[in-house]
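Starting from the given sequences, assemble the full structure and let the hints guide the process.
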Amino acid sequence: MNYVHIVAALAIFQFIFFGVKVGQARGKYNVAAPATSGHDMFDRAFRIHMNTLEQLVGFLPALFMASVYWSNAYIAMIGAVYIVGRFVYQKSYLADPKKRSLGFALTILPTFVLLVAAIAGAMMN
Amino acid sequence: MNYVHIVAALAIFQFIFFGVKVGQARGKYNVAAPATSGHDMFDRAFRIHMNTLEQLVGFLPALFMASVYWSNAYIAMIGAVYIVGRFVYQKSYLADPKKRSLGFALTILPTFVLLVAAIAGAMMN
Amino acid sequence: MNYVHIVAALAIFQFIFFGVKVGQARGKYNVAAPATSGHDMFDRAFRIHMNTLEQLVGFLPALFMASVYWSNAYIAMIGAVYIVGRFVYQKSYLADPKKRSLGFALTILPTFVLLVAAIAGAMMN
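Residue numbers (my numbering), protein chains in the order written: chain A, 3 to 127; chain B, 3 to 127; chain C, 3 to 127.
Heads up, a few of these hints could be off.
All copies of an identical chain are treated as equivalent in the list; a pair is satisfied when it fits inside any one copy or across any two copies.
[Claimed, not checked] Each computed DSS-like pair below joins lysine-lysine, with the alpha-carbon atoms no more than 30 Å apart:
hint, residue 1, residue 2
1, Lys30, Lys93
2, Lys30, Lys101
3, Lys93, Lys23
No lab work stands behind these hints, which were simulated from the structure alone.
Shown next, in the form of structure tokens:
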């Protein structure tokens with residue numbers, strides 16, 4: 003069982019889910035496309051989605067590269083922290099944008115660990 | 003012949019092409035960088051590019067993962083639907099942002115199918 | 003030693019670094035989340051980060067695909083041009099958004115070369 007691929011696919015589904023939330027916020031707070039702001043709660047949903055995009059772009063390649071050199075199950079566990087961290091980020095950002103730090107740390111740290119693991123693996127091989 | 007890689011490379015070229023269109027719209031509608039809005043037609047070109055960015059981030063890893071477990075040619079065909087769907091999305095968004103749903107569906111659905119194929123393959127292997 | 007993975011990891015670190023710069027600019031120029039503009043220097047930092055996001059999404063898969071068919075060290079060298087080009091882009095964009103063309107060319111051209119190399123490799127294999 004390729005746990006890393008399952009975590010990667012779930013992280014993409016999570017990102018799509020945050021995008022669906024943006025679409026719902028468009029209707030709820032009356033912000034028609036192509037506008038990307040107009041109501042504070044819409045802006046929060048939009049920023050959660052965008053920030054997850056920014057994180058995903060680094061997280062997925064880091065996850066794939068690290069899994070070339072290290073145990074699939076361990077790398078997948080680090081990846082699972084990212085997914086949980088993103089939900090924490092979403093919840094706290096919606097409650098109060100100023101409280102987004104913990105969730106942010108829980109997703110940037112796994113990416114850092116994976117990048118260091120990838121570089122270490124790439125240098126030893 | 004690795005059809006999946008050819009589809010992936012074409013999807014990236016398509017995304018760069020949408021970016022070129024944003025650059026042209028900057029000149030045509032007088033929206034100088036770093037501004038990211040200012041004229042409705044510029045906004046549409048900008049949103050087409052951004053939405054394709056959001057989709058590509060999920061589509062490419064899903065394509066690569068699914069191709070690990072399933073026939074390269076079949077996976078590439080699903081990927082080709084994504085590319086056609088993005089052009090439909092572009093055309094309809096430029097005509098009227100409210101009519102972007104079909105093109106959107108034609109690109110999010112292939113990604114969904116690829117993600118499910120990737121998870122199924124990852125669980126069976 | 004997998005040079006391509008090292009270059010890929012460094013490109014992701016560079017992108018995270020540009021994101022840190024956006025966070026710092028939020029404080030310095032008083033642009034609180036979820037706002038994404040409000041001061042010209044903040045806007046520049048924000049656009050550097052976003053443009054790097056747009057480039058990274060094409061660059062990394064192109065790098066990985068090309069390295070399947072061609073010499074790891076040569077592909078990594080093309081990737082290194084991208085990283086240097088991004089720093090040139092950052093520096094010139096901060097100085098004057100109108101002077102961002104050279105840095106932009108130095109990052110889009112390596113991606114083009116990698117994409118052509120990937121397609122050529124995919125067709126010959």
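Hints, verified against the model:
Within a single copy, Lys30 and Lys93 get their C-alpha atoms as close as 18 Å, and across copies as close as 27 Å, so both meet the 30 Å cut-off. In this assembly of identical chains, Lys30 and Lys101 lie within 30 Å of each other by CA distance both inside one copy and across copies; the values are 24 Å within and 19 Å between. In this assembly of identical chains, the alpha carbons of Lys93 and Lys23 lie at most 30 Å apart whether taken from the same copy (12 Å) or from different copies (25 Å).
Of the hints listed earlier, there is not a single one the structure fails to meet.
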